[in-house]
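Engineer: These protein sequence lines map, in sequence, to chains A and B.
Per this note's numbering, the first sequence starts with residue 39, numbered consecutively.
Per this note's numbering, the second sequence starts with residue 13, numbered consecutively.
Hints may be right or wrong, so weigh each one.
[Claimed, not checked] Which chain B residues face chain A? A few, computed with CB under 7 Å, are given here:
hint: 1; residue: L36
hint: 2; residue: L39
hint: 3; residue: R97
hint: 4; residue: V141
hint: 5; residue: A144
hint: 6; residue: L145
hint: 7; residue: T153
hint: 8; residue: L230
hint: 9; residue: A233
hint: 10; residue: F237
hint: 11; residue: V266
hint: 12; residue: S281
These aren't lab readings, by the way, just hints derived from the structure by calculation.
Glycine included, each C-beta is placed from N, C-alpha and C at the ideal position.
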Amino acid sequence: MGFVGWILRRLAWAAGLLLSVAVLNFSLMHMAPGDIVQTIVGEMGGASEETMAQLTKAYGLDRGFLDQLWIYVSRVAQGDLGYSYYFNRPVLGLILDRVPATVLLVFTALAVAIIAGTFLGVMSARYPASWLGALVTITALFGFSAPVFWSGLMLLLLFASVIPILPASGMYDVAQGATGIAYALDVAHHLVLPALTLAIIYLALYSRLARASMIEVLGSDYVRTARAKGLSENKVVFKHALRNAVLPVVTVAGLQFSAMLAGAVLVETVFTWPGMGQLAFESILRRDNQLILGILLLSAVLVIIGNLLTDLAYRFVDPRIRTDG
Amino acid sequence: MAEERARGPWGEAWSVFGRNYAALVGLGLLALVAAMVLVGPLVYGVDPFEIVGAPKMGPGIEPDAPFGTDYLGRDVLAGLLKGGRPTLIVGICAALITTIIGITIGSLGGFYGGAVDGALGRVTEFFQVLPALLFAMVLITLFTPSLLTVTLAIGVVAWTGMARLTRAEFLRIKQLEFVRAARSIGASNARIIWRVILPNALPPIIVSATLATGTAILFEAGLSFLGLSDPNVMSWGMMIGSNRNYLREAWWAVTFPGVCIFITVLAISLVGDGLNDAFNPKLRTR
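Chain B extracted, bound-state conformation (with noise of 0.2 Å):
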């Protein structure tokens, strides 16, 4: 109730969040990505896959494939307007399981402490230890290259970070006298964890998750650049690595789709910049 008459501090982050330019830019682009690649491919319906014409023919060349045609003769625009697609589905659920992951370790190993914390740190460690692209590189290679696979092997390698940050979030958050108020009123580990100290420790968790989401985006990208993604789904990366070795005489077939990551990520990261600004009140006074 309070919250209607103050605001609270969410609202108080939001209206931070709307004054960065910077920030806002980036919910633009990303609101542009996401036209472009949700509502493109129904407006724009040539298959990324069929040959439309001679291959590697300029952009505005022919009215026909506005952005030029790959070395094979398909079709740019149509690669970049359906391939956003599984980088995105996949960018977006592996920093899903990443956040998961990393909020369930690094929850409990903050909250109990002790021997559960020793044991969880050493399954951090090990996971840090491995190296994240080669070990997601076999994992997709030894269970074949599909949307699944390539979101779980991101997944699995890239939780590490988030978890160390709960953790420490949950360390600190464990002190307060709010947690030892709800303690002394008998509220469950569980609710403790779930219904006190989390909600506090969610706004660097967010900020966290966004830029992860950038990073998975970039780690999908490298991937199938490689040539380890499902090779019957049209992806950006996946452009620029089989028109790589036609750079020289077919250069937008591998800058386009490289422009429309970037831009993705950018907006990824000035989203999350903005958000980490909103809800850091050390920096407010800048």
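Here chain A stands alone, though its shape is the one from the complex (with noise of 0.2 Å):
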């Protein structure tokens, strides 16, 4: 079983799973009450019968289930996601466009979560007597109980409406038009907010988990070495025991991308951050059935690579993990 090996059979049951997913996902919506023949002309305000029987025909909605769905998945493997009637523009384009935005939330949130959290988690471990230790228990209760979409609304309120020094919606001022550093800086300062209120989920996940891991660490024989050779405190846990400590909040971070994209819709649904997570929720209020598909594919296909990368992480972390493939 060597590491080619590996890579291919997990490539091939990942082939496996979107294979699913897509079956699964194209059968909801032919299941579901309506299609999109009927939500197009209720948008059009009605249509005559010899319009919604050459809608029927162009959308492939005379053939059987089967076909249709054939005719789908053979699409799809194509690197054809659809069309989707609301943008009239092609699926794969539209989520392509908005992934920029998202990525860019989602990480700017992590690594604050990551720097922040860790370095929170370290310190209440070191000082474990501190106030810090507190402070770590109580941004976890609160990072864990408060609704995402609720600070978010209360961050816009303080830091938009009370001391106005943030903008409260967007990404980018249109009104200024700037470019190069100017519009980077102009994204940045629209993205403070945003990123610190998905932050702040994370942000308590990870204090709590490097100041449990960080407890653990330095109770282990490998510090009591290096405590008993008389290195500083200091020096045995940011050089010695740093190190080891940080490793589950880093794993646990890669599994983490399905609820970091739930977190993003409600996110960019409240700063109107035009991302992946508010085109998913404007497509399933519009009823965009291909869209809908599309976004829910890539979806998984994004989950699944953060799955892989973090099996591969672990692979190289842990040796005795290569063995039993």
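Two independent chains are provided; combine them into the complex using the hints.
Structural biologist: Right under this line is the structure:
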């Protein structure tokens, strides 16, 4: 069982998973009451029998279910995710346009949460009797218990209304029309609130995780050895223990993609951030079935990639996993 | 009979729980929320959808609407009292569904192993790959939003964690001596699963089910914030969602429902953490 064999088997399994995701979602859309023609006709405000028949034929709805499913799946296999009737554009391009905004938001939030969470967790393990421990506990409880859309609105109220220092919505100032560095700064300015909101949830998780694993690592034999040879406590904590304590935080981060996407939908709605989450919400409201199918499938792809990368990281970190393939 | 003399593990856990102040605070908050949601609407009979006065009236201005009115002039207090019911019902029922599905799939996979475990593991992985919130949103819009569809949608997307936990517990416990002993005296598989292994796997499952209730409540709140809930049932998330465009002029209509959700979930997670400490003997020395 070499590495290549492992990768190949994982990829084959991923393809199978994606196929089942596509089949399940397509079948669900088919089972649900109403179809695309009714949606379009509804938005047009009614249409003649003739037009409806034409539309039905154009969308292939006059064929049997298995026929339609086969056409859909073989198109997807060729990279054609269909056509959005509402935006009047191919689905794939529509989604890919929105991916950068979501990636920027999610990764900034993740970076903030990992860095601040690790720092808080490690410091509270380093100074167990200080107020830092209480701060970690309170942050964790708040992050877990407060609905993310509500904490976003509260931050909005505070920093865009009471103390108006940050923009309330969007990704950049349309009126400014800035380019280059000015544009980057403008985006960064708009990014602060949404990223902070999203970071709060993960900050809670990571600070708790970092503290627990730091406490465990600080009790291990090699740390005792490091202390015994007379290293300062700071050196022990930051040079010897930190690396091992951070591992679980990073690996957990990789497995959170599905949850992250859920957070992104809500945060993007609160701050009208033009990302994938907002597109997904719009497509669901508009009943833009092809677009919904495309987004669900691409999200599944992202989750699978995230899991695969996490597995890879595990294999490099812990050699014992490599043998059982 | 032995349990009457020496304290059993459950009694032991209960006494640890009783000495945990954070957990007791959680329990108290939970009782408060329950009283507010169950008794509140009976005492304060205002319809949360009825327009009672001028819109966007601040709290404390009009004695008729002590928590103010929302952007349409509906009584915020009435919404707070009545809006907890769907949130709690959906949260509890959805957590129950995730627990039932999770225990079933996890226990069968963990107990039988082999091909059964492989097949169930694939089903679990399949549901893990689906983006939970988006998939729930799709299910709810496809089959019209109602308390039932929202509950089912949350239950269907959220059970994978419980299944993995139950499976791990079963894998661990089925190796232990007393399970072999039960098998050697000829106990059936069903009996071993339900009467021998499951009771011993319950502590982490109970903790996880408690925390799952909190997650399900947040899930429901998020969905109704997005407008994906029964439009005829007032809920905390819905209040926040419908008032969010008037945040500047009527902050109270957004802030108070959020505080209610926060306190409810906080209480549940405090109780969950307390149960975790109480069931986990390693932590008892602290």
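Engineer: Against each hint, give a clear statement of whether it holds in the structure.
Structural biologist: The hints, checked one at a time:
At its closest, the beta carbon of B/L36 sits 15 Å from a beta carbon of chain A; the interface hint therefore is violated under the 7 Å criterion. For B/L39, the shortest C-beta to C-beta distance to chain A is roughly 15 Å, which exceeds 7 Å, and the interface hint is violated. Against a cut-off of 7 Å between C-beta atoms, the interface hint on B/R97 is violated, since the closest Cβ of chain A lies about 17 Å away. A hinted interface residue such as B/V141 counts as satisfied when its beta carbon comes closer than 7 Å to some beta carbon of chain A; here the least separation is about 5 Å, so the hint holds.
Because the beta carbon of B/A144 sits about 6 Å from the nearest beta carbon in chain A, less than 7 Å, this interface hint is met. At a threshold of 7 Å, the smallest CB-CB gap from B/L145 to chain A is about 3 Å, leaving the interface hint in force. Taking 7 Å as the C-beta contact cut-off toward chain A, the hint placing B/T153 at the interface holds, the least distance being around 5 Å. The closest approach between the C-beta of B/L230 and any C-beta of chain A is roughly 5 Å, which is under the 7 Å cut-off, so the hint is satisfied.
Restraint check, B/A233 versus chain A: the minimum CB separation of about 5 Å is within 7 Å; hint holds. Evaluation of the B/F237 hint against chain A yields a held restraint, the C-beta minimum of about 5 Å falling below 7 Å. Contact between B/V266 and chain A, as hinted, is supported at the beta carbon level, the nearest pair being about 6 Å apart and thus within 7 Å. Because the closest C-beta pair between B/S281 and chain A is about 6 Å apart, less than 7 Å, the hint holds.
In this structure, the hints that do not hold are numbers 1, 2 and 3, in rising order.
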